[in-house]
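Work out the full structure, taking the sequences as your base and the hints as a guide.
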Amino acid sequence: GENVEQHPSTLSVQEGDSAVIKCTYSDSASNYFPWYKQELGKRPQLIIDIRSNVGEKKDQRIAVTLNKTAKHFSLHITETQPEDSAVYFCAASYPQFYFGTGTSLTVIP
Amino acid sequence: NAGVTQTPKFRVLKTGQSMTLLCAQDMNHEYMYWYRQDPGMGLRLIHYSVGEGTTAKGEVPDGYNVSRLKKQNFLLGLESAAPSQTSVYFCASSYGGHSYEQYFGPGTRLTVT
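The listed protein sequences derive, respectively, from chains A and B. My numbering puts the first residue of the first sequence at 1, with every later residue one more than the last. My numbering puts the first residue of the second sequence at 1, with every later residue one more than the last.
Derived DSSO-like pairs (lysine-lysine); straight-line CA-CA distance at most 30 Å:
#, chain 1, residue 1, chain 2, residue 2
1, A, Lys68, A, Lys37
2, A, Lys42, A, Lys22
3, A, Lys22, A, Lys57
4, A, Lys37, B, Lys71
5, A, Lys37, A, Lys58
6, B, Lys70, B, Lys9
7, A, Lys42, B, Lys14
8, A, Lys68, A, Lys22
9, B, Lys71, B, Lys9
10, A, Lys37, A, Lys22
11, A, Lys37, A, Lys57
12, A, Lys37, B, Lys57
13, B, Lys57, B, Lys14
14, A, Lys57, A, Lys42
15, B, Lys57, B, Lys9
16, A, Lys22, A, Lys58
17, A, Lys71, A, Lys58
18, A, Lys42, B, Lys9
19, B, Lys57, A, Lys42
20, A, Lys68, A, Lys57
21, A, Lys71, A, Lys37
22, A, Lys57, A, Lys71
23, B, Lys71, B, Lys57
24, B, Lys57, A, Lys22
25, B, Lys70, B, Lys57
26, A, Lys22, A, Lys71
27, A, Lys68, A, Lys58
28, A, Lys68, B, Lys57
29, B, Lys71, A, Lys42
30, B, Lys70, A, Lys42
31, A, Lys42, A, Lys58
32, B, Lys57, A, Lys71
33, A, Lys37, B, Lys9
Derived by calculation from the structure, the hints in this document are not laboratory data. Please read all numbers here as calculations on a predicted model, not as lab measurements.
Shown next, in the form of structure tokens:
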């Protein structure tokens, strides 16, 4: 099956700085790559996703890039705010979702 | 529109006891999923369903059974609970399968002693 690795496991940034989280996957058949945000005690919620026919997607302060050749994709958060503090999960999908182990992001005011 | 709901929110079981977790969605989604979330291990798929009356095994199916008798409901059963099944269980649903957003329920925290 698919193997998704996510790094780093924890990340602390100053408010206003950028944060980058990286994931690699093993199965070249994977074609959908979502990112979920999970606040403490809450359910995971989709923040952005990208499909294999696209190299980059942006939504306000959040962007995702995909390199199919290298089998890696990254989440970029710019101008971080305290409310961005949460655990972020990447996933690769085909034919089911395989999640990374999560990155705990702390934004220091 | 409640989205995805789960019952119960918390449960404590003794080893060997059985229980059923109920997931319900009101979005008319075909696909439904059960995950478990353990510290440091992310979300792992237990079982899933691609439509009413269908079920399939995911990444970690052992010790669990599921049923999808109605489109809006997906049940997860533990026949003989073990301490290794202590976890937070999330149900999810999606419109179109593996390349569509999954909407998660609020989770069920299960402790097996």
